[in-house]
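Undergrad: So the protein lines, in turn, are chains A and B. If you count by this note's numbering, then the first sequence holds residues 1 to 277, one letter each, in order. If you count by this note's numbering, then the second sequence holds residues 1 to 322, one letter each, in order.
Just to be clear, a hint being listed does not mean it is correct.
[Said to hold, decoys possible] Quick list of in silico lysine-lysine cross-link-like pairs, DSS-like style, CA-CA up to 25 Å: (1) Lys164/A to Lys242/B; (2) Lys90/B to Lys161/A; (3) Lys105/B to Lys104/A; (4) Lys105/B to Lys234/A; (5) Lys26/B to Lys184/A; (6) Lys164/A to Lys216/B; (7) Lys164/A to Lys319/B; (8) Lys107/B to Lys184/A; (9) Lys164/A to Lys195/B; (10) Lys90/B to Lys184/A; (11) Lys107/B to Lys161/A.
[Claimed, not checked] FRET-style restraints, in silico, Cβ to Cβ: (12) Asp211/B to Leu117/A: 17 to 23 Å; (13) Val108/A to Lys319/B: 39 to 45 Å; (14) Val108/A to Glu7/B: 39 to 45 Å; (15) Thr178/A to Gly139/B: 48 to 54 Å; (16) Ser185/B to Ile24/A: 37 to 43 Å; (17) Gly102/A to Gly136/B: 38 to 44 Å.
Calculated directly from the structure, the hints in this document are not laboratory data. For glycine and all other residues, C-beta sits at the position ideal for the given N, C-alpha and C.
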Amino acid sequence: MNLLQQFSGNKKFVFSVMVLLPLIVIALFGPLIIRHDPLEMNTKRVLEPPSTDFLLGTDEYGRCILCRMIIGIRPTLFVAFGGAAVAMMAGSTLGLTAGYIGGKLGNVIMRAIDIVLCFPPILLAMLVVGLWGTGIINLLLVIGILYTPHFCRIAYSTTLKLRKAEFVENQRILGASTLRIVGKTLFPNILSPLIIQFSITVANGILLESGLSFLGLGVPPPHPSWGQMIGKAKNHIVTHKHYMFFPSLCLCLTILATNLMGDALRDVLDPKLKESH
Amino acid sequence: MTEVLLEVKELKKYFPVAQGMFYRRKGVIRAVDGVSFQVHRGETLGLVGESGCGKSTLSRVILQLFPRDAGEIRYRGRDVEELDRSQRSKLRMVFQNPYGSLNPKEKVFSAIAEPYRIAGGYSRQQIEEEVLHLLGLVGLSPAHARRYPHELSGGQRQRIAIARVLALEPEFIICDEPVSALDVSIQAQILNLLKDIQEEFGLTYLFISHDLAVVKYICDRIAVMYLGKIMEIAPARALYAKPKHPYTRALLSAVPGAADQLSFERIVLEGDTPNAIDPPSGCRFRTRCPYAEEVCAHEEPDLTSCGTEHFSACHLLHKLAG
């Protein structure tokens with residue numbers, strides 16, 4: 001059975017694609033479809049319930065919640081995917097180096113990684129944002145640094161298993177350079193678990209970005225993001241439930257879909273892992 | 001005698017053993033402990049021994065996958081460490097496990113093309129011609145080039161490993177138990193293939209195995225290894241007809257169905273191989289040797305001549321003659 005059939009037969013995969021694909025399309029074309037300016041205040045129409053004019057109602061400054069949610073997808077996804085990509089590149093490079101070259105260098109890398117892992121993610125993120133200030137690029141780097149250890153450990157352990165494999169020994173007999181062995185021989189063999197980790201990291205990245213924005217350390221206002229909207233909405237939770245309900249629902253669905261994507265990838269790319277659960 | 005292609009002198013490889021907290025150094029495993037032999041151009045030297053006796057370590061030290069601790073390895077009179085890349089590519093290896101020796105993410109074509117790509121200086125077309133030529137040599141069709149290793153049987157994979165080893169015109173090939181992972185019905189095919197290409201390209205083999213029947217079939221001379229040392233080395237025929245060393249006799253006694261045809265008293269080994277961290281004093285085989293005497297515990301026997309090109313490391317050769 002080929003990969004495409006395996007994916008299309010996987011319910012988790014189909015569900016997550018049905019959620020994530022529209023989300024990405026909306027993120028890309030959002031500015032073209034919104035009816036109201038997401039940043040302009042309208043003090044005459046604050047905290048309105050859903051109506052035909054404002055489909056999901058308005059916030060405390062009279063801005064359209066739906067429009068702000070649509071515009072808010074882009075920074076969230078950008079930060080989460082970008083951060084996961086940074087983490088994957090840095091983590092797999094470090095892990096491959098530590099695993100294949102090993103020795104003192106490997107020890108230094110892995111202990112440094114252990115230290116990063118010691119911090120609770122949100123605390124470390126707050127520390128970094130506190131030091132460097134808020135902003136989208138900073139958020140992206142924070143997520144990149146925070147999740148580098150996970151990729152690094154996966155790359156390290158799989159590389160350790162493979163470094164003594166006979167096909168690697170054969171490359172060394174032929175006089176292949178270390179770069180060639182690591183990049184061309186080892187990397188394709190450790191890619192599957194890294195891809196799985198990537199989608200899990202995207203889910204965690206969305207969550208972390210929302211968490212930081214909720215605390216006011218994420219996307220700087222007046223630009224919206226889901227976490228920031230939820231943070232603002234908590235002040236009105238008793239009187240205007242719709243304000244908090246829709247961003248929260250979308251956030252939950254997105255994170256669920258990304259996590260299920262990770263599960264589906266694991267089912268298909270790494271069937272052995274599934275059996276052990 | 002023809003030219004000596006590879007010469008190994010007093011080669012030693014020890015692995016440090018570290019245990020417990022903070023990896024305290026506890027001792028060393030003497031995987032290869034003073035091994036000397038020569039391989040002549042065009043011959044097949046068999047290397048036989050139980051698992052763990054240092055056969056594979058020896059082969060990997062020769063190919064510089066592990067640094068050696070002492071001794072000399074000379075290829076055509078030059079130390080292997082001084083060889084440049086093109087000379088080094090004359091020394092190659094066929095691995096035991098055809099499932100592990102091919103990169104699972106790489107198609108057959110890439111696997112065979114890899115030596116040319118690493119060496120450099122070949123055009124895409126040249127590489128393609130060479131790969132198809134080599135596939136034909138080992139009895140596979142060009143269609144196999146587009147497959148992944150997991151789509152092929154063990155025998156086919158070993159053929160691919162052999163095609164790969166033939167790239168760049170090697171001279172000396174170490175065959176590390178090349179058929180022990182295969183079905184018996186496939187073993188003969190692969191052995192014959194190895195013999196054919198040896199004849200065609202004038203290759204020299206160091207053939208590692210624990211299967212005495214296989215070794216008898218393919219080897220010109222045989223070296224018997226025990227706990228990191230060579231116990232006996234002799235032409236294949238002489239070794240099977242008149243083994244001198246008690247350990248060789250024990251190995252031959254263990255061949256199923258051979259008990260009635262032995263020219264010597266049958267030896268049944270008991271117990272396990274002693275620990276290579278702390279090998280027995282004197283002769284390493286004495287703890288399991290039925291003939292062991294006082295002298296065996298004190299003095300380590302050297303390989304001594306006991307026939308044409310026949311050497312055996314035993315104190316009691318004169319007593320055991322027959």
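Undergrad: Checked against the structure, which of the hints given earlier come out wrong?
TA: 1, 2, 3, 4, 5, 6, 7, 9, 12, 13, 15, 16
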